[in-house]
Structures are given as structure tokens and as C-alpha cells.
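When you get a sec, could you build the whole thing from the sequences and use the hints?
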Amino acid sequence: GRTDPILDDVGDAFKLMGVNLHELEDYIHNIEPVTFAHQIPSFPVSKNNVLQFPQPGSKDAEERKEYIPDYMPPIVSSQEATLEREDTTYQRLVRCLFITKDLRGAK
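At position 16 of the sequence shown the residue is numbered 17 (my numbering), and the sequence of numbers has no breaks.
What the hints contain is simulated information worked out from the structure, not anything from laboratory work. Here a beta-carbon is modelled for each residue, glycine too, at the ideal position from N, C-alpha and C. Wrong hints could be hidden among the right ones.
Ranges of calculated distance between the beta carbons of each label pair, as one might list FRET restraints [what the hints assert, rightly or not]:
no.	residue 1	residue 2	range
1	Met73	Gly2	42 to 52 angstroms
2	Ser43	Asp13	32 to 42 angstroms
3	Gln56	Pro34	25 to 35 angstroms
4	Thr36	Val11	24 to 34 angstroms
5	Arg93	Gly58	18 to 28 angstroms
6	Gly2	His39	53 to 63 angstroms
7	Pro45	Gln92	48 to 58 angstroms
8	Asp71	Tyr91	28 to 38 angstroms
9	Val20	Asn49	45 to 55 angstroms
10	Gly2	Tyr28	27 to 37 angstroms
11	Gly2	His23	27 to 37 angstroms
What follows is the structure, given as C-alpha cells:
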């Protein structure tokens, strides 16, 4: 025998239970739909993008070779960028000190 149910099996079960298919269809068309009582979360849950695409105009975007895929990590690490900013701040401070020293020496 067969193991998979078919639609005729549902019809036969309704006949055995005394359900008239035309009455069931009329009932379905005349009843107001009932919404589910709980909020259903969307699935699949969206995740944050963890790809490390370089920002347009960044050093990495300018230096990245054509053959390096976008999903690869940045060539210039964020630590190097922080160090460069610190060096720039340090250089400004040194320049400011030298200018101040020169101005004092000019008096």
C-alpha cells in the first residue's frame, strides 16, 4: 500500500465524520479571520554585517589592490590609524613648543 496521504483521504475522513464540504466552504467564506494573539518575530533574524568593507576615502580604500576581495580585513589596521593620529597630535605639540620657544628667543 501507499504511505503518503493524499487529498482524497481528507475527503474520506470528512465523510466518515459527517462533514459536508460545501457547508465547510460556506462557513470559511462567511467567518471573520482571527489574528494570532502573539507578535511573531520575523525570521530569519537579521544580523549586523560583520564584513570589514573599507570606508570610501579611507587609507585602506585608496591602497587596496584590485585583486584583494572586499571581504578581506583592512590592510591598514585600526591600531595603525590610531597611532598615526597620535603621531600627528604629538607632531603638532612639538611644533607648537618650537614656535613658542622661537617666539621667546626672538624677544
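Status of the hints after comparison with the structure:
1. Met73 with Gly2: 42 to 52 angstroms: Cβ of Met73 to Cβ of Gly2: about 58 angstroms, so the range 42 to 52 angstroms is violated.
2. Ser43 with Asp13: 32 to 42 angstroms: For Asp13 against Ser43, whose Cβ atoms are near 39 angstroms apart, the range 32 to 42 angstroms holds.
3. Gln56 with Pro34: 25 to 35 angstroms: 48 angstroms, violated
4. Thr36 with Val11: 24 to 34 angstroms: With Cβ atoms ~26 angstroms apart, the hint holds.
5. Arg93 with Gly58: 18 to 28 angstroms: 22 angstroms, holds
6. Gly2 with His39: 53 to 63 angstroms: 41 angstroms, violated
7. Pro45 with Gln92: 48 to 58 angstroms: 49 angstroms, holds
8. Asp71 with Tyr91: 28 to 38 angstroms: Since Asp71 and Tyr91 have Cβ atoms about 33 angstroms apart, the given range 28 to 38 angstroms holds.
9. Val20 with Asn49: 45 to 55 angstroms: This hint holds: roughly 50 angstroms between Cβ atoms.
10. Gly2 with Tyr28: 27 to 37 angstroms: 33 angstroms, holds
11. Gly2 with His23: 27 to 37 angstroms: 30 angstroms, holds
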